[in-house]
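Going down the list, the protein sequences come from chains A and B.
Residues in the first sequence are numbered from 1 upward in steps of one, following the numbering used here.
Residues in the second sequence are numbered from 1001 upward in steps of one, following the numbering used here.
Source of the hints: derived by calculation from the structure; they are not laboratory data.
What you are looking at is a predicted structure, and each value in this text was computed from that prediction instead of being measured.
Just so it is clear, CB atoms sit at the ideal spot from N, CA and C, and this is done for glycine as well.
Hints may contain errors.
[Said to hold, decoys possible] Now the stretches of chain B that chain A is said to cover, found in silico as 3 or more residues with beta-carbon under 8 Å:
(1) 1017-1028
(2) 1045-1052
(3) 1060-1069
(4) 1091-1101
(5) 1136-1145
(6) 1148-1154
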Amino acid sequence: MNELTVSKPPLPWWAAGILLGLVQVLAIGLAKPLGVSTQFVVADAKIIKQIAPEYAQNHPLISNEKYQKFGYGWWLDVGLVIGAFLAAILIRRWKLKATTVWWQQNHGPSILTRLIAGCCGGFIILLGARFAHGCTSGQFASGWAQLSLSAVPFTITMFGFGILTAFLVYPKTPTIDK
Amino acid sequence: MSPQITGLIIGGLFGAALVLAALADPDKIIGTLRLKDFHAMRTIAVFVLVGMLGTWILEMAGLAHFSVKPAAIISVLIGGALLGIGFGLTGFCPGTGLACAASGRIDALITVLGMFLGALAFILIYPSIVAPIDNIANYGKTTLPQITNMPKALWVIPIFLLGSIILFLTRPKK
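Make the full structure from the sequences, and use the hints.
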């Protein structure tokens, strides 16, 4: 198998989906639906409070109590990092990588272009997620679990623009090991 | 259990599940958005269907903790579009970006750095741009059963059955 092949996933789609669905049910049963992106604002708010306490105090968003404390949501993100790390080690998929098969297939071996795209992508991902009151977890997955009205417009633009962008950025398809 | 411990446990399971499900694999996400590799799309569909059915059962048992987001239609449309562009460019979203960074991906680590900058930009433009847009066409924290005035069962059962049938009929053949 050559290097430019997308590797086989560890679990079949149905088992993977059931596992994620059960984690969601557990979260809603014990505390609150899954959500990830709010804590990026919490972390930045903590730093702003150190550098510019007056600005933070008068800010209509980050002066809110929700952005002042490391609670359930913060520890969920910390747990996510630890859980992903341990799972990757356990199934022997922890590996230093800096680019993807799809990126190399379309844009060559340069890691620098991938990293620049990553940084810009991360910027609009989080800006968009907070604009939308949630990301793929909090707005899409948890939104549909609760049948929120907000999940409908979110799903349309997220997948619509996601598919459009992927078609523009990745026209060439690599080999995929299913 | 304290909320911190609960968060840590649920987050740990979620992070492990994202890795096992290969959603924390940008190649699988791009394959799905390019409509060439449906593993991630099918996984996400099952995730949503099981979450929806389970939440409905929890609610009937009086055990569900809801947190419905406000339906601010314009900001949700704009935010979804921005997130979608970043998602289609990188193959990461906030959760899978963190999970990928934890499994050795430098590109994910840089993407997460970009996310912290995006959060900063959000804070800076919130008073002047985000807050006013958020007030346009904002229907509040409402759900589909509430706005259609229908029992939840009439939403959950048809979506679950239809979704399951479609997934079954289109299942990949070996």
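Each hint, compared with the structure:
Evaluation of the coverage hint for the region 1017-1028 of chain B: fulfilled, as 12 residues show C-beta separations to chain A shorter than 8 Å, against a requirement of three. Three residues within the 8 Å Cβ limit are the bar, and the region 1045-1052 of chain B against chain A gives 8, so the coverage statement holds. A count of 7 residues in the region 1060-1069 of chain B with a Cβ less than 8 Å from any Cβ of chain A is obtained; the coverage claim is therefore met, three being the minimum. Coverage of the region 1091-1101 of chain B by chain A holds in this model, with 11 residues showing a Cβ closer than 8 Å to a Cβ of that chain against a need of three.
Counting residues of the region 1136-1145 of chain B whose CB lies closer than 8 Å to any CB of chain A gives 6, so the stated coverage by that chain holds, three being the minimum. Coverage of the region 1148-1154 of chain B by chain A is violated [criterion: at least 3 residues with CB-CB distance below 8 Å; count 1].
Comparing the model with each numbered hint stated earlier shows that hint 6 is the single one that does not hold.
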